[in-house]
Amino acid sequence: MSELGLTSSSTLERVIRVPSVERRPQFADEVQLRRALDHLSGVDAVGVAHRVGKLATRSLKTSTKMRAIDVALSMIDLTTLEGADTPGRVASLCAKARRPDPEDPTTPAAAAVCVYPDLVEDARRHLVGSGVAVASVATAFPSGRAPLAVKLADVAAAVEAGADEIDMVIDRGAFLSGRVGQVFDDIVAVKAACRDAHLKVILETGELVTLDNVKRASWLAMWAGADFIKTSTGKVSVNATPTVGLVMLEAVRDFAEETGALVGVKMAGGIRTTKDALRYLVLVNETVGGRWLSPDLFRFGASSLMNDLLAQRRKQQIGAYVRPERFSGD
Amino acid sequence: MSERLDVKKTYKLLIKGQFPRSESGRTYEVLDARGAFLANVARASRKDVREAVLAARGAQPGWSAASAYLKGQILYRWAEMAESRRRDLADLVISPETHDAERDVAEAIDRLVWYAGWTDKVAQVYGGANPVAGPYFNFSLPRPCGVVASFAPPSGSLVGWVDSVAAALCTGNTVLSLLSPSRPLAAFALAELTATSDLPPGVLNVLTGDPGELGEVIARHEDVDGLDLTGGDERGADLAEWAADSLKRTYRPHEGDDPTRRLRAFIDTTTVWHTVGY
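Here the protein sequences come in this chain order: A and B.
Reading the first sequence from the start, the letters are residues 1 to 330 in my numbering.
Reading the second sequence from the start, the letters are residues 1001 to 1278 in my numbering.
Just so you know, the hints here were simulated from the structure itself, not pulled from any lab data.
Among the hints, erroneous ones may be present.
With a Cα cut of at most 20 Å, we get these calculated PhoX-like pairs of lysine-lysine [claimed, not checked]:
{"id": "1", "chain 1": "A", "residue 1": "K65", "chain 2": "B", "residue 2": "K1047"}
{"id": "2", "chain 1": "A", "residue 1": "K315", "chain 2": "A", "residue 2": "K65"}
{"id": "3", "chain 1": "A", "residue 1": "K275", "chain 2": "A", "residue 2": "K54"}
{"id": "4", "chain 1": "B", "residue 1": "K1047", "chain 2": "A", "residue 2": "K61"}
{"id": "5", "chain 1": "A", "residue 1": "K315", "chain 2": "B", "residue 2": "K1047"}
{"id": "6", "chain 1": "B", "residue 1": "K1047", "chain 2": "A", "residue 2": "K275"}
Using the sequences and the hints given, assemble the complete structure.
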């Protein structure tokens, strides 16, 4: 039974066997790495779509729904990644992350606030002592097309300014043209530059074309030391989808069973409604189990999702549909 | 040639310019004055109410910003569409024997034209330039309340239904209308004609179902700004009380009402000042 109560009986919960000693494999050279990637089995796209469709029919009601909404709220990385971001906007976002619904102090705080590196210091100042982490995108977000030295400087600056989590992008061009060793080395170098900060690796699945590539990129990132794998930047037309989510969750599950390392998953972009969010939680519970139903291992990168969750939460409490203006915009 | 089978129409809902079945999949039977079967009608659920309010809210800024002239043209076009379907509509008016269905339809259409004419007069009649003791102008401007929900009169009168939606529409509100549960057919057929009248999707949304079930959901929905209780019946007081929680405007008709009282029911007045000469 997941302690979050998303399943009604213990038999429904997926239990995975994770070795107690963590051991990530080493690769001597790119040839070995490529061989390991080639050894991954293919993704059955039809099967994945079918399973996602099937799980989407599960619905959560009443008290279970209420708890699921709170879990989802606690997993949100409240994000603002616009060219027009200002310190003022970051301040209001931080206030919202700390106390999403000022009328109801029992509302859980967000997991993190995600900003550009130059605004990390502002976010840090507003979040001190709140338990809400500061996440920063880095490595020439969103394209990832800059020399490695520039990327590393970007990361170092964000960490220096106080970021707890770094969201890096992989070089999709390198990955798609088969230079997997370069992508691997980039991640290893960025991981080192992160020091104590957690590293989320953005695969930008909307640009990876096939589900096989999503799976390969997931394993590649995990082998290279990612703490989280993340779907998207939110800057291309295709963002997080349940299909991609399932493939990544299965990769994380298999990786945990093989190496003992627990890697988190972050779904980013395009998730706007409570219904979508709860479907992802069902997907998580059924694929990797209740252990992942925690902000330490699963996140939503979103901003508009929060207001819908708050509206649904309030609706469950007062029994009437609420006015969207009850909650601050962003 | 073999005898034709009946092609019976199932009435659905009107939400955001589309005609979906109820999300719940439920229907109920509507009978004529003698108790014979007429049609299957969708029985809306609270989720349909939620969708309808979302649609009305989404359409609000556009409809309220549309010029008075355009709103008038669209409502008049609706009347034109109804005019060519007068006989069909009259066939659907379920009424006691003595009631004249054709006259009801004709009056309903005339009433639509009347409301169409009001669109560009509301600001003139209910707004004004206020005298002030200073070198500036001061104007009062009627603005729509927002989303108005209306309960159609249970008698099934088409005139009564037109009153309950067109008054709010012509002042720039978007509307969610719950039809008379026992006599919804004529009103729904008239509402269907908005699909060919250039009325933007979501401006008028129509539900059929049990007012006992949906009344509270509608009245307590925070994102509804006004409530027309014409068909509220004896539950009117409860509905008004629920509406008070979210400070909705409510309108209840009185005997011998001035017909313009309805027009004023869902208007907010904003007062603005402006310097002279610039």
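Right, here's what the structure says about each hint:
1. Pair hint A/K65 plus B/K1047 holds up; C-alpha atoms about 16 Å apart against a cutoff of 20 Å.
2. For a cut-off of 20 Å, the pair hint linking A/K315 to A/K65 stands: about 11 Å separates their Cα positions.
3. Among the hinted pairs, A/K275 with A/K54 is consistent with the structure: their alpha-carbon atoms are about 15 Å apart, no more than 20 Å.
4. Between the alpha carbons of B/K1047 and A/K61 the distance comes to roughly 14 Å, so the proposed pair stays at or under 20 Å and holds.
5. With a CA separation close to 13 Å, the supplied pair A/K315 and B/K1047 stays within the 20 Å bound.
6. The suggested pairing of B/K1047 with A/K275 holds, with an alpha-carbon distance near 13 Å, which does not exceed 20 Å.
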